[in-house]
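Asks: Chain by chain, the residues:
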Amino acid sequence: MEAKRSLLAIFLLLSFLSISTATPTRKTRTRNPCKSMVFYFHDIIYNGHNAKNATSAIVGSPQWGNKTILTGKNHFGDLVVFDDPITLDNNLHSKPVGRAQGFYIYDKKDIFTAWLGFSFVFNSTQNKGSINFAGADPLMNKTRDISVIGGTGDFFMARGVATLMTDAFEGEVYFRLRTDINLYECW
Amino acid sequence: MEAKRSLLAIFLLLSFLSISTATPTRKTRTRNPCKSMVFYFHDIIYNGHNAKNATSAIVGSPQWGNKTILTGKNHFGDLVVFDDPITLDNNLHSKPVGRAQGFYIYDKKDIFTAWLGFSFVFNSTQNKGSINFAGADPLMNKTRDISVIGGTGDFFMARGVATLMTDAFEGEVYFRLRTDINLYECW
Amino acid sequence: MEAKRSLLAIFLLLSFLSISTATPTRKTRTRNPCKSMVFYFHDIIYNGHNAKNATSAIVGSPQWGNKTILTGKNHFGDLVVFDDPITLDNNLHSKPVGRAQGFYIYDKKDIFTAWLGFSFVFNSTQNKGSINFAGADPLMNKTRDISVIGGTGDFFMARGVATLMTDAFEGEVYFRLRTDINLYECW
Numbered sequence: 033m034e035a036k037r038s039l040l041a042i043f044l045l046l047s048f049l050s051i052s053t054a055t056p057t058r059k060t061r062t063r064n065p066c067k068s069m070v071f072y073f074h075d076i077i078y079n080g081h082n083a084k085n086a087t088s089a090i091v092g093s094p095q096w097g098n099k100t101i102l103t104g105k106n107h108f109g110d111l112v113v114f115d116d117p118i119t120l121d122n123n124l125h126s127k128p129v130g131r132a133q134g135f136y137i138y139d140k141k142d143i144f145t146a147w148l149g150f151s152f153v154f155n156s157t158q159n160k161g162s163i164n165f166a167g168a169d170p171l172m173n174k175t176r177d178i179s180v181i182g183g184t185g186d187f188f189m190a191r192g193v194a195t196l197m198t199d200a201f202e203g204e205v206y207f208r209l210r211t212d213i214n215l216y217e218c219w
Numbered sequence: 033m034e035a036k037r038s039l040l041a042i043f044l045l046l047s048f049l050s051i052s053t054a055t056p057t058r059k060t061r062t063r064n065p066c067k068s069m070v071f072y073f074h075d076i077i078y079n080g081h082n083a084k085n086a087t088s089a090i091v092g093s094p095q096w097g098n099k100t101i102l103t104g105k106n107h108f109g110d111l112v113v114f115d116d117p118i119t120l121d122n123n124l125h126s127k128p129v130g131r132a133q134g135f136y137i138y139d140k141k142d143i144f145t146a147w148l149g150f151s152f153v154f155n156s157t158q159n160k161g162s163i164n165f166a167g168a169d170p171l172m173n174k175t176r177d178i179s180v181i182g183g184t185g186d187f188f189m190a191r192g193v194a195t196l197m198t199d200a201f202e203g204e205v206y207f208r209l210r211t212d213i214n215l216y217e218c219w
Numbered sequence: 033m034e035a036k037r038s039l040l041a042i043f044l045l046l047s048f049l050s051i052s053t054a055t056p057t058r059k060t061r062t063r064n065p066c067k068s069m070v071f072y073f074h075d076i077i078y079n080g081h082n083a084k085n086a087t088s089a090i091v092g093s094p095q096w097g098n099k100t101i102l103t104g105k106n107h108f109g110d111l112v113v114f115d116d117p118i119t120l121d122n123n124l125h126s127k128p129v130g131r132a133q134g135f136y137i138y139d140k141k142d143i144f145t146a147w148l149g150f151s152f153v154f155n156s157t158q159n160k161g162s163i164n165f166a167g168a169d170p171l172m173n174k175t176r177d178i179s180v181i182g183g184t185g186d187f188f189m190a191r192g193v194a195t196l197m198t199d200a201f202e203g204e205v206y207f208r209l210r211t212d213i214n215l216y217e218c219w
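Residue numbers (our numbering), protein chains in the order written: chain A, 33 to 219; chain B, 33 to 219; chain C, 33 to 219.
By construction, these hints were calculated from the structure, which means they are not laboratory data.
Using N, Cα and C, we set each Cβ at its ideal position, and we do this for glycine too.
You may find that some hints are simply not true.
Short derived list, chain B residues pointing at chain C, Cβ under 10 Å [as the list claims (entries may be wrong)]: (1) 61; (2) 63; (3) 67; (4) 92; (5) 102; (6) 105; (7) 121; (8) 139; (9) 149; (10) 171; (11) 174; (12) 193; (13) 197; (14) 200; (15) 202; (16) 203.
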């Protein structure tokens, strides 16, 4: 008799368990990152006089623009290619742990906004591999979220969100971005 | 005696349950979207005479091209940066719910085809955040599928497919794209 | 008495099972690809004299560059748009199974490195649909991994890694890339 009652209890439990495992994966997803990292990268744009130090250059511009001075209208239409050092702190002269490589395009006439497609390429003792990013960067916001769209090596199949913050901005030649990477898919 | 038999039954059940939870996630994936949305966006390309209304501009072109007229050979090589209003219906003058920002490149000599990298950036009462897209756009097809490669804010970690349809095309200055977004990964 | 003991055993089992189903999905992910494919694609860059055969063209360049000759400094800043035939073997003249369409940007001054955003667009009896790629391509490495960031049609919602190998390189006009695609998310 007691055995029968416990049996019933167990079947109820099993049913409940079975339902909970059938819930779509979506419901069980957690927004706790599986990996978090902070990096800084440093962009020195070519202005006609800094060929040696420049890490980026204008390679496309609208009719009214040119290749050495970011154009008016909030640089709308300027396309910049970059190969920027990545550091662990905000010091341009710290030993780089990798390179941020890709492009950004200023894409709005009435406010500073850019679209980014780039990778963090690591080659340090700590990390090997790459993280790929894409997304809109409304520069005037204190923080901007872009997507981690994939990764290789140590970051195999990564997905997540990166939060960009302008950490320094000097004239139209140098800027430094703090990048808080939160991965929500790790393999 | 009865207790033993029920014990056996329960173990069999447990084994079965255990197997079913081990099935690879892939098999349980459904192609039913977790979110579907329809938007329109409107592109007015700069042609030298419409600086005020233009929402996009040619910023790269092949040797035989220029920055104010889309080039011959099906515009092959023309790179266009855009910041286009997004509306809920097909009226250019409806209140925008966000901006479509990024670029397209015409990339085929013998037919109209483009490659797109852009974001929908929302800032309405209904939606905050961004959806990031990439993919090939064979313009002459009635419908073309591109990838939703990520999202932020309300669209945190989104993935899916967007179907583009040319809803209007006026000369080489204005076009309107209907965009049916189906997300299959929602968080 | 025996029934009680077995009850305890079952509850322990249930607890264990319940814990194991709560393990983050990440742990159960396998690095065995769900689909593997090998393709070659062929790039013939426009140099001012090969308009008929060229499959790609320079459409952006830094101040010191131009649109018909890849620039010095390891082509830093040259942006190339391409529409390249995809073949199943390494023969340029084999029947194409699709087109590789998109762009690459040389993005480093002291070594050949590029950033790629492109799609494989298939239209063969074997495959319909597209695979979208993004990532850094450090050309001097024998193999380079980029991300499969999405797919459509036969490759609906695909994610994975593609390994690029330079299979041939002739002057600065022709190159052939072997592309080993491994998908780890198939739907």
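Asks: Hint by hint, note whether the structure agrees.
Replies: Tested hints:
1. At a threshold of 10 Å, the smallest CB-CB gap from residue 61/B to chain C is about 5 Å, leaving the interface hint in force.
2. Proximity of residue 63/B to chain C holds as hinted, the smallest CB-CB distance being about 7 Å (cut-off 10 Å).
3. For the restraint placing residue 67/B at the interface with chain C, the shortest Cβ-Cβ distance is roughly 14 Å, beyond the 10 Å limit, so the hint is violated.
4. For the restraint placing residue 92/B at the interface with chain C, the shortest Cβ-Cβ distance is roughly 4 Å, inside the 10 Å limit, so the hint holds.
5. Interface restraint check for residue 102/B: the shortest CB-CB distance to chain C comes to about 13 Å, outside 10 Å, so the restraint is violated.
6. About 9 Å separates the beta-carbon of residue 105/B from the nearest beta-carbon of chain C, less than 10 Å, and the hint is met.
7. Contact between residue 121/B and chain C, as hinted, is not supported at the beta carbon level, the nearest pair being about 26 Å apart and thus beyond 10 Å.
8. The interface hint given for residue 139/B is met, as the beta carbon of that residue sits about 5 Å from the closest beta carbon of chain C, less than 10 Å.
9. Contact between residue 149/B and chain C, as hinted, is supported at the beta carbon level, the nearest pair being about 6 Å apart and thus within 10 Å.
10. About 12 Å separates the beta-carbon of residue 171/B from the nearest beta-carbon of chain C, more than 10 Å, and the hint is not met.
11. With a cut of 10 Å, the hint placing residue 174/B at the interface with chain C is violated, because the nearest CB-to-CB distance is about 15 Å.
12. Evaluation of the residue 193/B hint against chain C yields a held restraint, the C-beta minimum of about 6 Å falling below 10 Å.
13. With a least beta-carbon distance of about 14 Å to chain C, the hint placing residue 197/B at the interface is violated under the 10 Å criterion.
14. Using the Cβ-Cβ criterion of 10 Å, the hint placing residue 200/B at the interface with chain C is not satisfied: the shortest such distance is roughly 24 Å.
15. The interface hint given for residue 202/B is broken, as the beta carbon of that residue sits about 25 Å from the closest beta carbon of chain C, more than 10 Å.
16. Residue-level restraint check for residue 203/B is violated (minimum Cβ-Cβ distance to chain C is 23 Å; threshold 10 Å).
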